[in-house]
Amino acid sequence: MSDFSVDVRDVSKRFRLAHGRHKSLKEKVIHRGRVPHEDFWALKDFSLEVKEGETVGILGRNGSGKSTLLKCICGVLQPTSGEVAVRGKLAGLLELGAGFQPDLSGRENIYLNGSLLGMTKREIDKVFDAIVDFSELDEFIDSAVKFYSSGMYVRLGFAVAVNVDPDILVIDEVLAVGDERFQRKCIDRIKQFQREGRTILLVTHSPDQVRTVCDRAVVLSHGVLVGEGEPGEVVRIFREGLMEEAPGMAPPEPAAATSGPPPMASIDTPDAERPVRLTEISHSYAADGDRPYLRTGEILMLTVGFLTNIASDDVVFSVELRDDESEVLMRTDTAIMGNTFSLPAGPGALEIQLKNVPMLDGEFTYCIGVQSRGGVLYDVRDPAGTFEVMNSGKTTGSIFMPAEATLLAAEIPAGAELLPQQAS
Amino acid sequence: MAAEAAGFSAQEARSNKITRVVTPTISVGQRLREIWISRELLVYLVRTEIKVKYKNSALGLVWSMIAPAMTLAIYFVVFQLVLGNRMPHFVIFLFAGLLVWNLFQLGVLTGTGVIVNNSAIVKKVAFPREILALAAVGSALVFFCFQAVVMAIFMVVLHVAPAVNYLPLLLLALFTAMVLACALGVLLSAVNVYLRDMQHLIEVVLTAWFWACPIVYAFQGNIAQKLAAKGWAQWTWVYFLNPMVPLVLTFQRALYAQTSPTAIVAGKPTTFYVLPTWSWGTYALLDLGVLAASAVLFIIALTVFGRLEGNFAEEL
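Chains as they are written, first to last, in this note's numbering: chain A, 121 to 544; chain B, 106 to 421.
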């Protein structure tokens, strides 16, 4: 019980939402004591204990109280009730480069920012080179910060913060900045911090980051703790919460698939003259229950309704899967699957099973097309629908393959050391 | 909790282990301690403010000397040449009072806006925020030093010698003025977050306050003697409710040095009653009184600041 680094005890934070705030003296006098306001509790009796050396991820929708919590922990905000005990030196990265003076040089700003974060001049002197090194700003360190690009700005901010040598590092969504290489560098530094046994509190929107970095995660919703535990499990809770709270946003797939005229920019043939038209397209999961997402490894079933005008055996249905950045993950068609159809005139339906969905996390779109074997496009739905995949395991990355490891004892040369921790 | 911390020592051997507690209110003692811990930050903030102020100006810091010298020249022209004030070395008298007044005014004026103007850091970085107001007074002190150099030059040029035994009192008066400016700066900077009028109001108040101090006019001739002439001498203490009065008088006594100089005006020797003929001890006692009052005000200011600080982030 005594090895906590951060102990949040029953913290509540109330904000007053005044309706038309009275800032000037005249208004204050006129409306004295009768300022109409509404109480908004950003945090309600929130408790959380973070052990020394632990990395805890905090997930939550916008406005769920994550940032308020971090600010209370850092001491930027004082709670309305309750208290936060912090053991050790704490560095908060609520915003990178907060407190930079645009007119001063990078060098001067390192000293200013470092002392804002609680370092003495001697301490800064010691890590100055490390900061410059990490930020990769050697040539620019003596020019005014206002001439920096936003990437350079952020790099300098992060470099100062991680060199404060904190026992506890509190990070608020700041890792989403900078180019990919610098992001990786930041993550590497965070992992180094972990190895050194420091405590890290991390607010992020990226479930992947939680899974890779954190030992434990919590989910906040409306200022209350709604989930806590293993990162994989918590990410799932977080996702489910997202869907419940925003039903209008999460499953737009059936609506998008069936309503409205399909976008057919490439097809100028009138409907009646096309041999085959797509009608209703839907998807379902082979899984039990009615949860609105698919788990990695399950089967995705697509049902493609169509209407054949002229009986034909020259018909190929194609499927395309894309990720949330419209990157094509897979494209296949019924010809590749080895199916040939001979369709009579009239309505029909086709079921396509995508087995062992290997994606780990995220929202994916699928498109359905129908064409001749020769490639003459009859109809297309782009997108035809979206589905969501959730990863309840601990694997990270973008795809999942069942993996296992076996120790080949006979192959090991005598005297060599075994490194058994390769699994999982 | 301290006991808990002491009882736990396995891998906690790191020497800089301190347990900080964030609570709805922070005691004044803890505030003072945190200010002390952040003293280096204070130095950087002062340095930054001065650097930023004169960045990209060709003359840079020289401006902080030119500006008061120009003000002085204007007062000199108006009072001595236009209005015909014949007080000997009026410039020195004037500058002596202005020195301490400028420190106070600049400290309070910039101090008032300091939380609102630095909202970016106040909202994102945890540090004792009252330090910002202290830094405003700190940079006012730097400008004071530059003006003091101008003053020294004037005194050498005009052959005015200071009252050497009163010089140590300058440090006391200077320190007192800083404590007073800090107290008001801390208090008003917090109030200004909720009442943005404060920034404008304080400018007006400071102008009135300036004329309530014996800086342009002499205390002895224009206040004390006139009150005595009306038989109101026992009410002189009311004038001393203005805490800047003893400080200004101390500066004038030390630097102008003459209490009642004589000069030939229109062929006749005339005596100018400038300063009270109090003893060294009286000056010191008055200054100490103001210092004590300022210190109390500073503690009150910290308490009020603490009460208001909790909602800074949402009001900014």
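One thing to keep in mind: the hints can contain errors.
[Claimed, not checked] Quick list of in silico lysine-lysine cross-link-like pairs, BS3-like style, CA-CA up to 30 Å:
#1 A:K209 x A:K164
#2 A:K246 x B:K156
#3 B:K156 x A:K266
#4 B:K228 x A:K246
#5 A:K246 x B:K160
#6 B:K228 x A:K164
#7 B:K158 x A:K266
#8 B:K228 x A:K311
#9 B:K228 x A:K266
#10 B:K331 x A:K171
#11 B:K158 x A:K246
#12 B:K331 x B:K373
#13 B:K373 x A:K241
#14 B:K331 x A:K209
#15 A:K241 x A:K266
#16 B:K158 x A:K305
#17 A:K266 x A:K246
#18 A:K241 x B:K228
#19 A:K305 x A:K171
#20 A:K241 x B:K331
#21 B:K331 x A:K266
#22 B:K160 x A:K241
Hints were generated in silico from the structure; no laboratory data involved.
Predicted model, so just to flag it, every value in this text is computed and none were measured.
Evaluated hints:
This hinted pair checks out: K209 (chain A) and K164 (chain A) have alpha carbons roughly 26 Å apart, not beyond 30 Å. Using a Cα cut-off of 30 Å, the hinted pair K246 (chain A) and K156 (chain B) holds, with the two alpha carbons roughly 24 Å apart. Note on K156 (chain B) and K266 (chain A): the hinted pairing holds, with a Cα-Cα distance of about 15 Å set against a maximum of 30 Å. This hinted pair checks out: K228 (chain B) and K246 (chain A) have alpha carbons roughly 28 Å apart, not beyond 30 Å.
Straight-line distance between C-alpha atoms of K246 (chain A) and K160 (chain B) comes to about 28 Å, which keeps the hinted pair within the 30 Å bound. Among the hinted pairs, K228 (chain B) with K164 (chain A) is consistent with the structure: their alpha-carbon atoms are about 21 Å apart, no more than 30 Å. Under the criterion of a C-alpha separation no larger than 30 Å, the hint pairing K158 (chain B) with K266 (chain A) is consistent with the structure, at around 15 Å. Of the supplied pair hints, the one linking K228 (chain B) and K311 (chain A) holds, its CA atoms being roughly 28 Å apart against a limit of 30 Å.
As the CA atoms of K228 (chain B) and K266 (chain A) are separated by approximately 21 Å, the hinted pair is consistent with the 30 Å bound. Proposed proximity of K331 (chain B) and K171 (chain A) is contradicted: the alpha carbons are some 73 Å apart, above 30 Å. Of the pairs offered as hints, the one joining K158 (chain B) and K246 (chain A) holds, with about 29 Å between alpha carbons and a cut-off of 30 Å not exceeded. Of the supplied pair hints, the one linking K331 (chain B) and K373 (chain B) holds, its CA atoms being roughly 23 Å apart against a limit of 30 Å.
A distance of roughly 63 Å separates the Cα atoms of K373 (chain B) and K241 (chain A); the hinted pair therefore is violated under the 30 Å criterion. Annotation: proposed proximity of K331 (chain B) to K209 (chain A) is violated, straight-line Cα distance about 62 Å (limit 30 Å). For the hint linking K241 (chain A) to K266 (chain A), the alpha-carbon distance of about 23 Å falls within 30 Å, and the restraint holds. Straight-line distance between C-alpha atoms of K158 (chain B) and K305 (chain A) comes to about 36 Å, which puts the hinted pair past the 30 Å bound.
Distance check on the hinted pair: K266 (chain A) and K246 (chain A) sit about 26 Å apart at the alpha-carbon level, within 30 Å; holds. A threshold of 30 Å between alpha carbons decides the hint, and for K241 (chain A) with K228 (chain B) the separation of about 24 Å falls inside it, so the pair holds. The hinted pair formed by K305 (chain A) and K171 (chain A) meets the criterion: a straight-line CA distance of about 25 Å does not exceed 30 Å. Under the criterion of a C-alpha separation no larger than 30 Å, the hint pairing K241 (chain A) with K331 (chain B) is inconsistent with the structure, at around 56 Å.
For the hint pairing K331 (chain B) with K266 (chain A), the CA-to-CA distance comes to about 58 Å; that exceeds 30 Å, so the pair is violated. Distance hint between K160 (chain B) and K241 (chain A) is fulfilled; the C-alpha atoms sit about 23 Å from each other, no more than 30 Å.
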